[in-house]
Amino acid sequence: MKIVVVSDTHGNIDVWRRIEPIFEGADLIIHAGDILYHPPRLSCQDGYNIPAMVEALNGSRIPIVFARGNCDPEVYEELLEWPVQSPYAFVQYDNTRIFVTHGHLMERSRMAETARSYKASILVTGHTHIPIIEQIDDIVLINPGSPSFPKYEIDGNPVGSVGLITDDDLSVVNIENGTAIYSHKR
Numbered sequence: 000m001k002i003v004v005v006s007d008t009h010g011n012i013d014v015w016r017r018i019e020p021i022f023e024g025a026d027l028i029i030h031a032g033d034i035l036y037h038p039p040r041l042s043c044q045d046g047y048n049i050p051a052m053v054e055a056l057n058g059s060r061i062p063i064v065f066a067r068g069n070c071d072p073e074v075y076e077e078l079l080e081w082p083v084q085s086p087y088a089f090v091q092y093d094n095t096r097i098f099v100t101h102g103h104l105m106e107r108s109r110m111a112e113t114a115r116s117y118k119a120s121i122l123v124t125g126h127t128h129i130p131i132i133e134q135i136d137d138i139v140l141i142n143p144g145s146p147s148f149p150k151y152e153i154d155g156n157p158v159g160s161v162g163l164i165t166d167d168d169l170s171v172v173n174i175e176n177g178t179a180i181y182s183h184k185r
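The letter at position 27 of the sequence shown is residue 26 when you use numbering that gives the first Met the number 0, and the numbering goes up by one with no holes.
Among the hints, a few may not be true.
[Stated by the list, open to error] DSS-like, lysine-lysine: derived pairs with alpha carbons at most 25 Å apart: (1) K118 / K184; (2) K1 / K118; (3) K1 / K184.
No lab work stands behind these hints, which were simulated from the structure alone.
Based on the provided sequences and hints, a complete structural model is requested.
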């Protein structure tokens, strides 16, 4: 099993194309929200291109599960061929139950409690643009950070990131070199 976890792409097609090699061999892509648009406080990047991003997402050969983020207006649902679920999405793949929410509507312990109520073992969030893997009792939280507007830095340089869920572990990887920023054995 290989599930790619991404969040907070904010319509940046250049970044999406840069992370596509990570999708190789993936069974599923989970997007934790803020898919196409960006808030006014984030300056528009060169790669911001909603039509191209929509084309790439709709053309994906790998199924995509989307959770709605705070920057995902309902009107964009008309453009995407995959449903954007709100306030959360639920994935069951093999024997793994995954609860997905952008993370802007409730605090971390409440998200974990809700995931637990659905018997999920993994909680996927986004929103902060900061990658993390954290054990919360019997739930493993993974926030992949953002490949487009990263708030995680190494030596003062922003590092874009995505997450991976496999049979053996969960990890957050640097999109430039594929090295693990965080990892957690399952």
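Each hint, compared with the structure:
no. : hint        : verdict
1   : K118 / K184 : holds (19 Å)
2   : K1 / K118   : holds (21 Å)
3   : K1 / K184   : holds (14 Å)
Figure legend: structure checked against the earlier numbered hints; every hint is met.
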